[in-house]
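A.B. asks: One letter stands for each residue in the lines below.
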Amino acid sequence: MSDNNSDVLLEVNDLVKWFPIKRGFFGGVQGNVKAVDGVSFKIKKGEILGLVGETGSGKTTIGRLVLRLIPHTKGQVLFDGIDITAMDYSKFRPMKKDMQIIFQDPYSSLNPRMTIGEIIAEPLIVHTKMSTKEREKRVYELLELVTLRPEHARRYPHEFSGGQRQRIGIARALALKPRFIVADEPISALDVSIQAQITNLLIDLQGRLGLSFLFIAHDLSVIKHMCDSVLVLYLGKVMEYGTNADIFQQSRHPYTQALLSAVPVPDPDYKRDRILLQGEIPSPIDPPSGCVFHTRCPYATDKCKTDVPELREVAPGHLVACHYA
Amino acid sequence: MDKSNILEIKDLHVTFYTEDGVVRALHGVSYDVPENETLGVVGESGCGKSVTALSVMRLLPRPQARVEQGEIWFRDKDTGEEINLLNLPEEHMRHIRGNKISMIFQEPMTALNPVYTVGDQIEEAVLIHNPKMSQKEARERAIEMLKTVGIPAPEKRVDDFPHQMSGGMRQRVMIAMALSTNPEILIADEPTTALDVTIQAQILELMNKLQEQFGMSIILITHNLGVVAQNADKIAVMYLGRIVEKAPVREIFHDPKHPYTEGLLASVPRLDKGGLKEHLPGISGSLPSPYNPPPGCKFHPRCPYAFDKCRVEEPPQVEISPGHTVCCWLHTKEETRHE
Ligand SMILES: Nc1ncnc2c1ncn2[C@@H]1O[C@H](COP(=O)(O)OP(=O)(O)OP(=O)(O)O)[C@@H](O)[C@H]1O
Ligand SMILES: Nc1ncnc2c1ncn2[C@@H]1O[C@H](COP(=O)(O)OP(=O)(O)O)[C@@H](O)[C@H]1O
Ligand SMILES: [Mg+2]
Ligand SMILES: [Mg+2]
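Taken in order, these protein sequences are the chains called A and B.
Read in the numbering used here, the first sequence has 156 at position 156, and its numbers run on one by one without any break.
Read in the numbering used here, the second sequence has 257 at position 257, and its numbers run on one by one without any break.
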């Protein structure tokens with residue numbers, strides 16, 4: 001994509017993560033799970049990039065790699081132009097406050113023995129020199145930002161509903177005024193009406209605070225609703241990458257098309273061509289040769305079994321990894 | 001019973017007596033399951049979808065759960081009898097459960113036994129219901145069922161343990177087990193919630209195909225409006241232990257009457273319409289605690305149209321057109337919308 005580089009907040013180049021498979025306690029390495037296999041993308045300032053793909057496709061792993069929560073195998077992660085994978089951890093530490101994460105499960109991600117006020121203040125204690133007074137003020141600001149009430153600060157997580165706990169998780173993630181947030185399935189554990197409320201809140205905060213997001217979700221309807229650009233993953237590889245309109249109005253990869261055709265639409269009269277994928281996602285330990293998708297692709301040819309398709313630009317900024325796109 | 005129905009639930013009240021208090025989980029739930037059709041039951045967590053299903057199966061946890069009132073009528077096609085399942089001796093119920101009414105659960109791992117192969121488990125189900133069958137025949141039936149539900153290489157897979165299979169395959173095994181006895185009703189409680197959309201589409205397609213092939217009724221329980229829109233004939237919408245609206249599928253989606261139904265539909269972003277980052281109208285507030293439900297209409301604290309009467313008196317069920325009922329003061333004759 002030919003953007004002005006100063007607009008780019010996060011740039012990921014050819015990122016690879018292999019998890020070694022060991023047998024037994026002392027056994028040697030048996031092989032590797034190629035969880036992320038050469039992924040590149042950019043997130044501009046104030047942009048939401050959606051990451052979508054079936055279970056095991058590598059979404060969470062990418063989220064953790066770009067925050068340097070786990071070591072990478074190969075490739076680059078540039079935050080504001082600086083490669084965070086190559087720097088000393090002591091140098092990286094102060095950058096961490098710019099990059100935060102919101103988890104899927106609002107239940108397990110909050111310490112049950114801390115009050116909401118303490119939970120939200122914790123990053124402020126670790127990363128800033130704020131006085132107690134200043135911290136208190138900031139906690140109230142944050143509660144207001146996520147539409148909770150000041151008196152909630154004294155209560156404990158178990159006193160809150162799932163949606164409220166997710167608001168608390170969001171407040172904590174925002175405490176240090178980050179510029180970039182990884183949201184890993186932040187609404188999938190919530191009820192339908194609460195999903196809508198949290199979706200509205202995230203969009204509102206993103207706009208007001210000019211945040212950039214890496215937004216991970218299974219649900220393509222949510223991705224379409226929230227994301228400026230979208231990356232479709234399959235077995236650790238990028239199948240298709242483009243703007244919201246590229247993916248939802250003119251997708252060119254059979255995998256994207258199959259995913260779209262499988263999304264249930266709440267309209268009994270909605271008609272479309274359905275591409276029902278056969279079988280399931282193969283094991284990433286022993287991925288298929290050629291195009292990794294060929295075993296399930298309704299259009300696969302002999303060429304797809306042997307030749308790896310490169311990620312080609314089919315229109316400005318719209319990239320597709322398919323020989324026939 | 002109405003001739004077109006295979007099951008009729010009438011005014012069911014179920015209460016849980018727990019250490020933390022009393023939960024009136026179902027408060028006058030009624031719905032009909034037409035023969036060879038799919039009834040979709042939707043609503044958010046805790047509204048009573050699973051408790052209703054477990055009541056039909058007579059599998060409510062004891063001693064906490066008590067059926068306080070109501071009837072569940074089932075038509076036994078073999079004998080032509082109409083039976084109130086709630087009055088049936090356990091022995092007779094055991095024959096109906098599995099044989100005539102089967103259930104599949106959201107998390108197949110909890111329903112499959114990890115120490116037996118999937119083949120053993122299907123064979124056991126088959127043998128319980130066909131005691132005269134030989135072991136060999138039961139195994140053949142198990143393989144045949146695995147094939148029917150689309151498991152590749154069923155002769156090999158029959159000897160797999162559940163943990164050797166993916167979530168989608170385990171759900172197929174559950175369906176194979178549930179259908180191995182040719183039931184008349186399949187109750188599917190969130191059968192695809194834990195699965196990827198691609199696998200969800202496969203499982204739903206499979207259920208539709210098997211319904212055509214074997215002719216059965218399905219109760220499809222889900223919180224996903226898209227799933228019922230495309231797979232159910234009739235819909236029941238539940239909120240806090242009540243059915244707030246019931247209608248043929250098209251009416252629910254094109255002409256919802258209950259503010260809760262309307263709010264649910266306005267909560268989901270859609271593939272077929274809606275703009276990027278548009279505000280979702282949705283529903284304000286959150287579900288009240290089941291230990292301490294609000295007075296009057298249970299939805300009134302979240303309802304944008306609520307007026308005085310809603311806060312004190314529970315609305316009755318009214319039929320506003322054939323087969324379309326709603327419990328809302330906006331739709332009773334005496335009242336008009338106060339804005
Ligand atoms: N710590 C680990 N050790 C070994 N393998 C791992 C580890 N973490 C992830 N994997 C493997 O890496 C692949 C990608 O996993 P990841 O969790 O990133 O997928 P995901 O796209 O987030 O899936 P989901 O939709 O289920 O959350 C999977 O095959 C997974 O089993
Ligand atoms: N074993 C139980 N003990 C106490 N309360 C229960 C139990 N099972 C269900 N309930 C209560 O019954 C109500 C209905 O629950 P359920 O039918 O499981 O909801 P749904 O399936 O619609 O999510 C809820 O208020 C729930 O808390
Ligand atoms: Mg994940
Ligand atoms: Mg349930």
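Since the hints were derived computationally from the structure, they do not count as laboratory data.
Accuracy of the hints is not assured; some may be wrong.
[Stated by the list, open to error] Residues of chain B clear of chain A, computed beta-carbon distances all greater than 10 Å:
1. T117
2. R139
3. E205
4. Q230
5. L280
[Stated by the list, open to error] Here chain A is said to cover these stretches of chain B; the calculated rule only asks that three of the stretch's residues, wherever they fall, bring their Cβ under 8 Å from a Cβ of chain A:
6. 159-171
7. 193-200
8. 210-217
9. 271-279
10. 304-315
Beta carbons: idealized from backbone N, C-alpha and C, even for Gly.
A.B. asks: Each of the hints needs a verdict: does it hold here or not?
C.D. replies: Hint check:
1. No Cβ of chain A approaches the Cβ of B:T117 within 10 Å, the least distance being about 20 Å, so the stated non-interface status holds.
2. B:R139, annotated as away from the interface, keeps every beta carbon of chain A farther than 10 Å; the closest lies near 25 Å.
3. The non-interface label for B:E205 is inconsistent with chain A: the shortest C-beta to C-beta separation is roughly 6 Å, within 10 Å.
4. Some Cβ of chain A comes within 10 Å of the Cβ of B:Q230; the nearest lies about 6 Å off, and the non-interface call is violated.
5. A beta-carbon of chain A is positioned within 10 Å of the beta-carbon of B:L280; the least distance is around 4 Å.
6. For a cut-off of 8 Å, the count of residues in the region 159-171 of chain B with a CB near a CB of chain A stands at 4, and the three-residue condition holds.
7. Counting residues of the region 193-200 of chain B whose beta carbon lies closer than 8 Å to any beta carbon of chain A gives 5, which reaches the threshold of three, so the coverage claim holds.
8. Against chain A, the region 210-217 of chain B contributes 0 residues with a C-beta closer than 8 Å to a partner C-beta. That does not satisfy the three-residue criterion, and the hint is violated.
9. Given as covered by chain A, the region 271-279 of chain B passes the check, having 7 residues with a CB less than 8 Å from a CB of that chain where 3 are the minimum.
10. Under the rule that three or more residues need a Cβ within less than 8 Å of chain A, the assignment of the region 304-315 of chain B is violated, with 0 such residues.
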